Amino acid sequence: MEKTVEKFKALSDETRLRIINLFIKRDINLCVCELMDAIQIPQYSISKALNILKNADFFKTEKEGTWVYYQLNKDTPDNNSLFSFLKKYLNNSNFLDDETRLNDRLTLRKNNRCVVGIIPEGDLLKMIKQKAEV
Numbered sequence: 013m014e015k016t017v018e019k020f021k022a023l024s025d026e027t028r029l030r031i032i033n034l035f036i037k038r039d040i041n042l043c044v045c046e047l048m049d050a051i052q053i054p055q056y057s058i059s060k061a062l063n064i065l066k067n068a069d070f071f072k073t074e075k076e077g078t079w080v081y082y083q084l085n086k087d088t089p090d091n092n093s094l095f096s097f098l099k100k101y102l103n104n105s106n107f108l109d110d111e112t113r114l115n116d117r118l119t120l121r122k123n124n125r126c127v128v129g130i131i132p133e134g135d136l137l138k139m140i141k142q143k144a145e146v
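Residue numbers (my numbering): 13 to 146.
Calculated directly from the structure, the hints in this document are not laboratory data. Hints are supplied without guarantee of correctness; some may be wrong.
In silico DSSO-like links for lysine-lysine, alpha-carbon gap of 27 Å or less [said to hold, decoys possible]: (1) 122 <-> 72; (2) 72 <-> 86; (3) 19 <-> 86; (4) 72 <-> 15; (5) 37 <-> 72; (6) 122 <-> 15; (7) 72 <-> 100; (8) 100 <-> 19; (9) 60 <-> 37; (10) 19 <-> 75; (11) 99 <-> 60; (12) 37 <-> 15; (13) 19 <-> 99; (14) 86 <-> 122; (15) 60 <-> 19; (16) 66 <-> 100; (17) 72 <-> 19; (18) 72 <-> 99; (19) 122 <-> 75; (20) 100 <-> 21; (21) 99 <-> 86; (22) 37 <-> 122; (23) 60 <-> 15; (24) 86 <-> 37; (25) 75 <-> 37; (26) 122 <-> 100; (27) 99 <-> 37.
FRET-style restraints, in silico, Cβ to Cβ [stated by the list, open to error]: (28) 56 <-> 83: 20 to 26 Å; (29) 86 <-> 20: 16 to 22 Å; (30) 16 <-> 129: 35 to 41 Å; (31) 25 <-> 123: 20 to 26 Å; (32) 129 <-> 13: 39 to 45 Å; (33) 105 <-> 80: 27 to 33 Å.
None of the values given here were measured: they were computed from a predicted structure. Note that the Cβ used here is the ideal one computed from N, Cα and C, for glycine as well.
Generate coordinates for the entire structure from the input sequences, incorporating the hints supplied.
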């Protein structure tokens, strides 16, 4: 029962719901900097939220050089049921805006990996336009 309570507490925050929504809708590995640009909140807030979600067993991590990629932990039937429910439930405009920003950010990947890192505020659109021109 304790683990169930921990899972639902982890989902009781807007930022954490926004983060988990991006993973559920895209079903890909993401790094902190990509989440920062999608959700538009500081790195420490993203990291704190990811830590809570990881402790609730929603995420696994994969380290690749200096990058840490987060991915949904689909190893448990309970998680999969919850992810299916959330995929249907999280469909308002706040979540859609996050998804649009993430899709834009992912255009900067190479070989399906982040190679840009943290982008200064306001520079994301410039970088996307530059990549489109190449």
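Violating hint indices (sorted, rising) = 6, 26 and 31
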